[in-house]
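**Q** Sequence:
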Amino acid sequence: MSGVTPVAHASPNGAETTTASTEAISQNEIPQQLKGKKLSWQKLRRYDSLDMESAKVRAHAHHSSTTGGAWSVILQLAFQSIGVVYGDIGTSPLYVFSSTFTGGIKHDDDILGVLSLIIYTLTLIPLVKYVFIVLRANDNGDGGTFAMYSLICRYAKVGLIPSQEASDQDVSTFRLELPNNRTKRASMLKSKLENSNFAKFFLLFATMLGTSMVIGDGVLTPCISVLSAVGGIKEATTSMTEGKIVWISVAILIALFMFQRLGTDKVGYSFAPIICLWFTFIAGIGVYNFVKYDPAVVKAINPKYIVDYFRRNKKEAWISLGGVVLAITGTEAMFADVGHFSVRSIQLSMCSLTYPALVLAYTGQASFLRKHTDLVSDTFYKSIPGPIYWPMFVVAVAAAIIASQAMISGTFSIIQQSLSLGCFPRVKVVHTSAKYEGQVFIPEVNYLLMLACVAVTIGFRTTEKIGNAYGIAVVFVMTLTSSFLVLIMIMIWKTNILLVILYIVVIGSVEIVYLSSVLYKFDQGGYLPLGFAMLLMFIMFVWNHVYRRKYHFELDNKVSPDSLKEIVANTHSNRMPGLAVFYSELVHGIPPIFNHYVANVPALHSVLIFVSIKSLPISKVPVEERFLFRRVRPNDLHVYRCVVRYGYTDVRNEEEPFERLLIERLKEFIREDFMFTARDNEEEEEEAVLEDDAGHENAKQLEYVKKQEETERDVQLVDKAWRGGVVHLVGEHEVVAGKGAGIWKRIAIDYAYNFLKRNVRQSNKVFDIPHKRMLKVGMTYEL
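Residue numbers (full-length UniProt numbering): 1 to 783.
Simulated from the structure, these hints should not be mistaken for laboratory data.
No residue lacks a Cβ here, since even glycine has one placed at the ideal position from N, Cα and C.
Heads up, a few of these hints could be off.
[What the hints assert, rightly or not] Straight-line Cα separation of at most 25 Å, DMTMM-like style, residue types lysine to aspartate or glutamate; simulated pairs:
# : residue 1 : residue 2
1 : K745      : E566
2 : K106      : E444
3 : K299      : D108
4 : K776      : E732
5 : K315      : D108
[What the hints assert, rightly or not] Label pairs and their in silico Cβ distance ranges:
#  : residue 1 : residue 2 : range
6  : F201      : V291      : 53 to 63 Å
7  : N574      : L661      : 36 to 46 Å
8  : V73       : R311      : 33 to 43 Å
9  : V623      : E732      : 21 to 31 Å
10 : T280      : K234      : 18 to 28 Å
11 : V430      : L756      : 15 to 25 Å
12 : V287      : V430      : 35 to 45 Å
13 : L756      : N557      : 19 to 29 Å
Produce the complete structure using the sequences and hints provided.
**A** Right, dumping it as structure tokens:
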């Protein structure tokens with residue numbers, strides 16, 4: 001059978017599944033299928049996603065293959081990831097020792113203590129926690145705080161917007177394994193989360209905070225990396241002042257953000273060789289210094305030196321942890337950027353290149369400092385052998401520029417994710433690679449990040465002050481990631497409780513100690529990421545709060561099925577040629593904007609489609625599972641409902657126009673709806689005992705041909721309406737605080753939300769609706 005295209009839709013009998021297009025099936029072929037394919041019809045039965053409660057349907061076991069793939073692809077992505085993911089953590093040797101020993105080295109063995117701290121921190125956090133544990137908590141290949149929140153939302157009903165449907169759990173990328181009867185702990189925790197409004201709000205709050213902190217990393221990483229690298233030129237010439245270094249850094253930062261529009265794919269291939277060269281250089285210099293100055297620093301593998309370091313320095317040692325933690329800056333980029341690559345590619349590149357090179361680099365610097373304790377403020381550049389100083393300086397500046405790429409691309413990813421739950425104002429998401437999914441660029445965010453980076457660089461001027469701010473953002477995100485991971489380990493992975501406790505005691509306690517240290521420097525620059533996060537949190541909270549209230553308003557005032565039939569029937573004589581598409585985010589019913597439209601324009605197009613745009617708490621929805629249709633009865637009304645489902649990393653401006661895709665899927669649905677109706681009729685008739693089998697068979701054939709002719713007329717009507725012209729109707733909602741609202745509610749809705757709304761992209765730009773065929777219907781919502 002030719003011309004078969006998969007499509008998901010809803011049938012009139014309340015079933016739901018994915019079936020195939022029937023365009024190429026002839027009249028004689030269909031009855032044979034209906035007679036001989038009884039088992040296949042059973043597979044096609046499904047729940048009506050538009051009418052049923054999702055709580056009545058249970059998910060099926062599913063394991064996404066996020067770590068698989070051909071080794072040629074894995075190696076290719078591993079090479080690319082070197083240029084995108086590890087620039088930040090890779091350039092940490094530029095400033096870690098100088099940021100740790102801000103008051104100088106007071107005891108020779110303090111170097112061994114700090115080196116031991118760095119080695120064990122690198123091993124525990126980036127390697128053990130992220131590479132071998134956290135990367136497994138990806139959402140169909142996508143990572144970050146929001147991806148972990150989406151996993152939890154999908155497993156436990158903790159989302160705050162009541163748009164869940166039965167069909168969501170049938171999407172191939174949605175399914176999760178249900179709790180095991182042997183593990184009641186998972187079910188108990190899930191139940192507590194679902195029954196606690198505080199827990200739901202707290203999880204959303206924590207997700208917003210983590211998202212804001214990662215964006216803060218995206219601001220601070222370029223500043224500290226570029227300033228540290230450019231500052232090395234002071235070793236070669238005394239004419240280079242601090243002011244000149246700052247302005248050179250600003251120029252480099254502006255150029256970096258201008259190149260972002262090329263996309264991660266091109267940037268990754270361009271930067272990977274440079275970062276590979278950087279790791280080769282720092283590892284080679286580390287080995288050189290280790291052999292030349294003091295091979296005895298290998299003793300730092302003994303954690304006893306950490307204990308001795310704290311005994312000698314007490315409070316000063318605790319404060320110095322704020323410098324040590326800079327050795328793992330950019331670690332979150334491995335998880336945030338996993339959607340750009342794959343789990344195995346990042347594991348491979350980290351274990352084979354990044355981790356060994358960093359350990360060798362820090363070991364070599366420690367050996368150098370054992371003989372030159374007075375040079376700790378410029379450890380990196382002072383430890384470079386003279387003949388390769390300039391080549392190393394050039395590579396360092398290039399690597400610092402690349403370091404900024406990791407968190408910038410991670411920022412784009414998490415903002416794209418936050419859009420799906422209405423947690424961020426509408427922005428344009430540009431998919432920059434046709435070859436690899438998840439590689440995106442957001443023009444507005446790129447511009448704002450550039451302005452913020454320039455302002456921070458000019459305002460702080462030194463890496464020491466930026467380092468104080470940087471540490472807070474880094475450790476906050478890591479601690480939040482651990483909190484979400486513990487929930488996932490208990491609820492979804494159903495990990496042995498002893499292993500969960502071991503994780504909390506070992507890794508969790510280390511992160512808490514680091515967090516307490518970086519918070520001590522709050523007044524020395526640490527306020528910056530927290531202030532930046534609070535501003536972003538306010539924007540995200542206001543947008544999400546009003547978004548949820550709007551959804552509930554539409555849900556409470558939706559048009560009932562009976563009212564819809566009455567409205568359409570009353571205007572039946574005033575049906576004009578053409579097709580009208582009504583857009584909304586309301587999944588359960590017809591939005592109140594339709595009533596408002598009919599009251600002012602008492603005429604309707606010959607075909608009406610109510611399109612609900614819905615975001616699922618998953619990263620991707622396969623195109624063949626994206627559209628769900630339902631027909632409003634009776635058929636002669638020619639009114640259809642459609643839910644269009646997207647994941648939070650799906651790009652909505654596809655190359656194929658949305659309008660054409662919608663119409664093609666609608667025609668497929670009409671034909672498939674006929675198939676299901678024919679199937680149901682045949683099953684009912686076979687249950688009856690009929691005396692005249694021959695006469696009944698002829699009557700059935702005639703009835704079948706008649707229904708098929710009606711179906712083809714409906715398809716032709718849709719085609720004719722489409723050719724006659726399509727009007728896209730979008731609600732232009734004026735949102736105001738209701739009468740009697742408090743002062744804070746008025747500020748949030750009347751001022752903050754409406755200010756954001758006036759300065760972001762409108763629906764027609766986000767969904768690529770043709771401007772000439774768009775009609776905005778104004779309506780005021782009092783919330």
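**Q** Against each hint, give a clear statement of whether it holds in the structure.
**A** For each hint, the structure was consulted:
1. The hinted pair formed by K745 and E566 fails the criterion: a straight-line CA distance of about 37 Å is larger than 25 Å.
2. For the given pair, K106 sits about 48 Å from E444 by alpha-carbon distance, which is inconsistent with the 25 Å threshold.
3. Straight-line distance between C-alpha atoms of K299 and D108 comes to about 13 Å, which keeps the hinted pair within the 25 Å bound.
4. About 6 Å separates the Cα atoms of K776 and E732, which keeps this hinted pair within 25 Å; it holds.
5. For the hint pairing K315 with D108, the CA-to-CA distance comes to about 18 Å; that is within 25 Å, so the pair holds.
6. As the Cβ distance of F201 to V291 is approximately 57 Å, the hint placing it in 53 to 63 Å holds.
7. The beta-carbon spacing between N574 and L661, approximately 29 Å, falls outside the hinted interval of 36 to 46 Å.
8. A hinted range of 33 to 43 Å is violated for the C-beta pair V73 and R311, which are about 51 Å apart.
9. Taking 21 to 31 Å as the suggested C-beta distance range, the pair V623 and E732 conforms, at roughly 29 Å.
10. For T280 paired with K234, a C-beta distance near 25 Å keeps the hint of 18 to 28 Å intact.
11. Range check, V430 to L756: about 21 Å between beta-carbon atoms, so the 15 to 25 Å window is met.
12. Between V287 and V430 the C-beta distance comes to about 43 Å, which sits within the given range of 35 to 45 Å.
13. Range check, L756 to N557: Cβ separation about 24 Å, and the 19 to 29 Å hint holds.
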